[in-house]
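Spelled out, the chains give:
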Amino acid sequence: MGLIWDGFTSALRLLWSRDPETMEIVWLSLRVSLSATVIALLLGLPIGMLIAVGRFPGRKLLLAVVNTGMGVPPVVAGLFVTMLLWRSGPLGAAELLYTPTAMIIAQTFIATPLVAGISTAALQQVDPEFRTQMLGLGAGRFRSLFEVAREARLPLLAAVMAGFGGVISEVGAAAMVGGNIKHQTRVLTTAAVQQTAMGNFGAAIAYGLILLVIAFLVVLVLTLAQQRQSLWAR
Amino acid sequence: MTDPLIELRDVAIDRGGRTILEVPHLALTDGTVLAALGRNGAGKSTLLRAIGGLIEPTRGTIMLNGSPSTEGDRRRLSAAVLQRPLLRRGTVSSNIEAGLRFRKVERNERAKQTETWLNRLGLSRLASQDVHRLSGGEAQRLSVARALALRPRLLLLDEPFNSLDSPTKLELLADLRAVIDKERCAVLFVTHDRHEASLLSDRVAILHEGRVLQEGQTVDVYDQPSDTTSAELVGYRNQVPADQLPSTIPRNGSTLLIRAADLTVGKAATKVWTIPAIAVRATIEGDAPSVVAMVGTIPMTARLVDTAAPLPGDRVELLVNPTRARWC
Numbered sequence: 014m015g016l017i018w019d020g021f022t023s024a025l026r027l028l029w030s031r032d033p034e035t036m037e038i039v040w041l042s043l044r045v046s047l048s049a050t051v052i053a054l055l056l057g058l059p060i061g062m063l064i065a066v067g068r069f070p071g072r073k074l075l076l077a078v079v080n081t082g083m084g085v086p087p088v089v090a091g092l093f094v095t096m097l098l099w100r101s102g103p104l105g106a107a108e109l110l111y112t113p114t115a116m117i118i119a120q121t122f123i124a125t126p127l128v129a130g131i132s133t134a135a136l137q138q139v140d141p142e143f144r145t146q147m148l149g150l151g152a153g154r155f156r157s158l159f160e161v162a163r164e165a166r167l168p169l170l171a172a173v174m175a176g177f178g179g180v181i182s183e184v185g186a187a188a189m190v191g192g193n194i195k196h197q198t199r200v201l202t203t204a205a206v207q208q209t210a211m212g213n214f215g216a217a218i219a220y221g222l223i224l225l226v227i228a229f230l231v232v233l234v235l236t237l238a239q240q241r242q243s244l245w246a247r
Numbered sequence: 029m030t031d032p033l034i035e036l037r038d039v040a041i042d043r044g045g046r047t048i049l050e051v052p053h054l055a056l057t058d059g060t061v062l063a064a065l066g067r068n069g070a071g072k073s074t075l076l077r078a079i080g081g082l083i084e085p086t087r088g089t090i091m092l093n094g095s096p097s098t099e100g101d102r103r104r105l106s107a108a109v110l111q112r113p114l115l116r117r118g119t120v121s122s123n124i125e126a127g128l129r130f131r132k133v134e135r136n137e138r139a140k141q142t143e144t145w146l147n148r149l150g151l152s153r154l155a156s157q158d159v160h161r162l163s164g165g166e167a168q169r170l171s172v173a174r175a176l177a178l179r180p181r182l183l184l185l186d187e188p189f190n191s192l193d194s195p196t197k198l199e200l201l202a203d204l205r206a207v208i209d210k211e212r213c214a215v216l217f218v219t220h221d222r223h224e225a226s227l228l229s230d231r232v233a234i235l236h237e238g239r240v241l242q243e244g245q246t247v248d249v250y251d252q253p254s255d256t257t258s259a260e261l262v263g264y265r266n267q268v269p270a271d272q273l274p275s276t277i278p279r280n281g282s283t284l285l286i287r288a289a290d291l292t293v294g295k296a297a298t299k300v301w302t303i304p305a306i307a308v309r310a311t312i313e314g315d316a317p318s319v320v321a322m323v324g325t326i327p328m329t330a331r332l333v334d335t336a337a338p339l340p341g342d343r344v345e346l347l348v349n350p351t352r353a354r355w356c
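Listed in order, the protein sequences are those of chains A and B.
Residues in the first sequence are numbered from 14 upward in steps of one, following our numbering.
Residues in the second sequence are numbered from 29 upward in steps of one, following our numbering.
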């Protein structure tokens, strides 16, 4: 019990003192995960729209690939990106392995299927005739798709949150492609694993607490959006 | 002679390996309401969507003011109201404004037009109300207002009054006809309801299994349908093949067509044809007490005039006013 209590008190001390190393880790974590989420949104939303609205051969196959991608373990994504960026790999010349960019790429691989899969489900909830009606009122093809997305904006927000939640909390890929290098690629999850292994429970708990706070903020934003939506729909 | 606004030339649409619409020729002119009347699956909505540029015909040409047109050309000049009121999330006025925004109408003009159309369709008191709180009639009224606010040259209505109760429907139809008369736009009105079609349209095209069976002035088509399917769609429920009629009735075609209101049992005011039949059951047709009786194997519905309902199995004489009977 003393061990846990000591861990908590030293975690609070660490956070209260705004330890520069901890702050650096927090900002890198946010930068990497937010970047990956934005890229995943830019890739995943059009894929979701294509599957939900499009009618083309191989549509169901693409949906199956996306759904499978939603369940891919981060270490598998990490392994794939590591091989891709390995010195003798296809993109080895770019020398990106063990950089934040490599971490963003790996996390994008993890988040994109999540965003695409949840977006597909969200967009399929909109009446298929809705887009036709918007076209019938003079909306262009792109504008009509935007209108469909607008109708599904709340579940699409959930897709973004799921993507962000998926990458901020994963450790396998971040460690494999980032290498947990101090001042360069150390993020909250890899740092927490390392500190735990070293027996520094105070630092590990501090990182864990920050992860919890970020997760809470994510849920809070989603909940507020939902409440606003339900108030507005009343 | 000026070109019609829209003219279909040998238009066909295929789906799933079969032709679901085939129209050799059909024209829509400015200021005219054309009703496409037919049963479910007749190809009415497909016709509307092809004309409105919402689907591309597999074959043929849709002319616009005498020149071949693209889907985009037709979308630019038309506004469609689909079966369900598919409203955007938001307020009543934001829905009207949305269509104007799609057409890149300037902000001040948008606000002005929105106010005008809220007034004209009686929606002003609901302007800031969320669309989720509208009744079915209000939602459909908004759906129509949203399309009319675009001042389209071609208004496309795809059974927009299906889900409405009769008084609401009649009220909206009357308002709509007044607006159409003022705007002088061309209207394609898709419906399966002959009463709606007769209330709103100047011309009617009868569609059946993807083909136009008959097209003409509404009063003419309703008075003299060209075939038994068209006849049934415009209200000639009683149809008797000539070979099942008594020899006293002079033939003028292969099938005798009589509306239920024009076939009676009881007293006859004028010189009539009589058709012997066997009563099956009493019924109400429209608001009038009526009887269903068999002429051979054909069930007929006749109004009872100054007589009690016959019992099932009774022999009755069905009375036909020859001036109200039609042949095809």
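Read the hints as simulated data drawn from the structure, not as lab findings.
Do not rely on the hints blindly, as some may be mistaken.
For the chain A half of the interface with chain B, some residues (derived, Cβ under 10 Å), not all of them [stated by the list, open to error]: (1) P33; (2) E34; (3) E142; (4) M147.
Straight-line Cα separation of at most 20 Å, SDA-like style, residue types lysine to any residue; simulated pairs [stated by the list, open to error]: (5) B/K132 / A/T22; (6) B/K132 / A/R163; (7) B/K132 / A/G84; (8) B/K132 / A/L41; (9) B/K295 / B/E345; (10) B/K132 / A/V206; (11) B/K140 / B/G165; (12) B/K132 / A/A228; (13) B/K210 / B/R135; (14) B/K132 / A/L63.
Ideal Cβ positions, reconstructed from N, Cα and C, are used throughout, including at glycine.
For the pair supplied as a hint, B/K132 and A/V206, confirm whether the alpha-carbon distance does not exceed 20 Å.
-> violated, 55 Å
Could you grab the alpha-carbon distance between B/K132 and A/L63 and see if it respects the 20 Å cut-off?
-> Answer violated: B/K132 to A/L63 is near 26 Å, above 20 Å.
Verify the proposed pairing of B/K295 with B/E345, using a straight-line Cα cut of 20 Å.
-> holds, 10 Å
20 Å limit on alpha-carbon distance, applied to hinted pair B/K210 and B/R135 | violated, 25 Å
Measure nothing beyond the straight line between the CA atoms of B/K140 and B/G165; if it is 20 Å or shorter, mark the hint as holding.
-> Violated, at roughly 24 Å.
Below or equal to 20 Å on CA atoms is what counts here, so check B/K132 against A/A228.
-> Outside the cut-off at roughly 42 Å; violated.
Restraint status (C-alpha distance of B/K132 to A/T22 at most 20 Å) | This hinted pair is violated, its Cα atoms lying about 61 Å apart.
Restraint outcome when A/M147 is required to lie within 10 Å of chain B by C-beta distance | holds, 7 Å
Given the hint that B/K132 pairs with A/G84, does the C-alpha gap stay at or below 20 Å?
-> violated, 44 Å
Does the interface hint hold: is A/P33 within less than 10 Å of chain B, judged Cβ to Cβ?
-> violated, 46 Å
Does A/E34 pass the interface check with chain B, least Cβ-Cβ distance below 10 Å?
-> violated, 46 Å
Assess, step by step, whether the Cα of B/K132 is no farther than 20 Å from the Cα of A/L41, and give holds or violated.
-> violated, 43 Å
Of the numbered hints stated above, those contradicted by the structure are hints 1, 2, 5, 7, 8, 10, 11, 12, 13, 14, listed in ascending order.
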